[in-house]
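Engineer: Okay, here's what each chain looks like letter by letter:
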Amino acid sequence: MPPVLVIARLTVQESSRRRLLLALLVLTLIVVGFSAWGFNKITTIPRSDGTLLPPDQVALISSQLLIVVVFMFSGVLALSAAVVAGPLISGEVESGLLLSMLARPLRRSEVVIGKWLGLAVLVAVYAAGSAFLELIAVDWATGYLPPHPIDLTLFVAAEGLVLLSLGLLLSTRLSGITAGVIALVAWLMGWIAGVVGDIGTGLQNQALENVGLISHILLPTDGLWRGAIYAMEPDSYLTILRNSGTFGRANPFAAADPPPLQFLGWVVVWFAIILAASIWSFRRREI
Amino acid sequence: MAEVAEKTEAASPSGEAAGTPAIKTVELSKKFGGTVALAGLSMTVPRGEVFGFLGPNGAGKTTAVKVLLGLLAPTSGEGWLLGKKVGDLGTRRRIGYLPELFRYQGWLSAAEVLALHCELAPLPRPSWKDEIGTVLDTVGLTERANDRVGTFSKGMQQRLGLGAALLGEPELVFLDEPTSALDPVGRHDVREIIRGLSSRGTAVFLNSHLLSEVEQVCDRVAVVDHGRVIAQGTMDELLGGTAVRVRVAGLAQADKNKLASFGRIDDEGDQLTFNNLAPDRVPELVSVIVEMGGRVYEVAPRHQTLEDRFLQLLEDEEK
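So the sequences go chain by chain: A and B.
Here the first sequence stands for residues 7 to 293, where the numbers follow the working numbering.
Here the second sequence stands for residues 1019 to 1337, where the numbers follow the working numbering.
Please keep in mind that the hints were generated in silico from the structure rather than gathered at the bench.
Note that the structure is predicted; figures quoted are calculated from it, not measured.
Virtual Cβ for every residue (Gly too), placed ideally from N, Cα, C.
Each hint should be verified, as a subset may be incorrect.
[Claimed, not checked] Looking from chain B toward chain A, a few residues come up when the C-beta cut is under 7 Å (computed):
1. Leu1090
2. Leu1119
3. Trp1125
4. Ala1139
5. Glu1325
[To be verified] Restraint-style ranges between C-beta atoms, simulated for each label pair:
6. Arg179/A to Lys1049/B: 38 to 44 Å
7. Glu1325/B to Ile183/A: 40 to 46 Å
8. Gly1058/B to Arg179/A: 50 to 56 Å
9. Ser1094/B to Ile188/A: 45 to 51 Å
10. Ile188/A to Pro1064/B: 30 to 36 Å
11. Leu1329/B to Leu11/A: 48 to 54 Å
12. Asp145/A to Gly1108/B: 53 to 59 Å
13. Gly135/A to Gly1058/B: 54 to 60 Å
14. Val131/A to Gly1158/B: 37 to 43 Å
15. Ile183/A to Phe1050/B: 22 to 28 Å
16. Asp263/A to Gly1108/B: 30 to 36 Å
[Stated by the list, open to error] Covered stretches of chain A, going by a simulated chain B footprint (3 or more residues, C-beta under 8 Å):
17. 11 to 25
18. 141 to 147
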């Protein structure tokens, strides 16, 4: 097996042996169970006139509630990716674990790519697994399925990968805690900058809009989150949003348009830059 | 900051590589900011020999090992391992390394850690089982092969690290303080392992504080201080001088000072130790003392220990 895959396998194996995967699975099942119960209430609790909600309103409310639940899932994914990626390299340098491994014919680039790959597999599996369980649960409880479930999964996974990549880059130089905290704060700041950009859109203030735009370039997590939101919105809701003009776009839990292709292209370039920077940084680190 | 070298040199004719020393360095230096860790380290380690690398704390011993293994980039100078420039990836297939700061994946079993190193080495998969079995037996961990490393004591982890360094019958093994966590039995075992390596032609670079240990197993020694070699040679060359202890009374301080021509004196009152005094000069020394009016009670020649020589070298270096 090529060294890069050995390192990737080791990363997955470590998460499994340290019961990180088990903990995430149990927590996901609990959340999915609770949310299924909550979604079920939308269809079973009668209104004041004794009637149940009509299907179109159930779909609208379910889509909004699903966005909030998925936001929580994406938050868990971002948090986990940042916390796990933070000490991925620095922790093993500090403990001396990498010393004997790097004395083997193993390139530092292989360590970086292998660790990224291993954790990327975990992020993708978690995103796909949790999205699958949650959507099955919502479908069972309300009969509602978002219009683009695969796009939704891809955007949520990509958001986790961005945090993982940032955490890994920081981990080549900073201690695990510092790298994890910085990645997490960056994610929150990116989200807030996105909200500021929304406010700018609502107020038609170019300076504020630019804050959101620049934050999407520096850290594309919020831009990807908007893609996930768009994938969850039914056509009826999109029509409402588009008819409400700029104010319809000034909402951090709404997206009137899909992410532009240029942005998605930039995300690919962003990954390439961050990975290349991680390899460069680790190759120059003295251990 | 320089980039750590990771390249594969074109294969040189095996005859050329076989004729080269296990390690050769020329004016190798390493600075961390303003701190000089290695200041022109030049040494040669022949193939198949056990080479002791001695020095006080902070002398640059571990830095030297890391530079040689390509874990740190040298600031200047050159180094070769097994005939290839330091940093050559292919050479690392033929090298074993037990770091001073050792730690292994606590969530893997001992056999799994060794399998990982077999894979990274890389060794042919069919040989793994025998390699791992042999190595576990050598370091005395056969009974714990399937236990998680996280449950191991520090000494057992050091044994495991030693085992990992021995995988694949390397041509050169770096052992950085290999007995720091071991009990006397473990230290004895490590000495036997080192002798075994030497007998099969493996060069061993032994970095140790334990001078008695080095004295027992090393063919050749280098003493390093402030990042450079201050003495190197075979054990016989290094410990060639004989010290003579003389128990004498009736000598004034001025008389003792005159005796300095016989070598450096450790003056402990009635007991004078003359370092590096050739045995054939002992009668002359006794005669001079008697002429000065001294009364000689005992003359005891003794061979220098490595510790004596080590301390003397450091003392000379400070002057």
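Engineer: State for each hint whether it applies.
Structural biologist: Tested hints:
no.	hint	verdict
1	Leu1090	holds (5 Å)
2	Leu1119	holds (4 Å)
3	Trp1125	holds (4 Å)
4	Ala1139	holds (6 Å)
5	Glu1325	violated (29 Å)
6	Arg179/A to Lys1049/B: 38 to 44 Å	violated (20 Å)
7	Glu1325/B to Ile183/A: 40 to 46 Å	holds (44 Å)
8	Gly1058/B to Arg179/A: 50 to 56 Å	violated (30 Å)
9	Ser1094/B to Ile188/A: 45 to 51 Å	violated (35 Å)
10	Ile188/A to Pro1064/B: 30 to 36 Å	violated (50 Å)
11	Leu1329/B to Leu11/A: 48 to 54 Å	holds (52 Å)
12	Asp145/A to Gly1108/B: 53 to 59 Å	holds (56 Å)
13	Gly135/A to Gly1058/B: 54 to 60 Å	holds (58 Å)
14	Val131/A to Gly1158/B: 37 to 43 Å	holds (40 Å)
15	Ile183/A to Phe1050/B: 22 to 28 Å	holds (24 Å)
16	Asp263/A to Gly1108/B: 30 to 36 Å	violated (54 Å)
17	11 to 25	holds (count 6)
18	141 to 147	violated (count 0)
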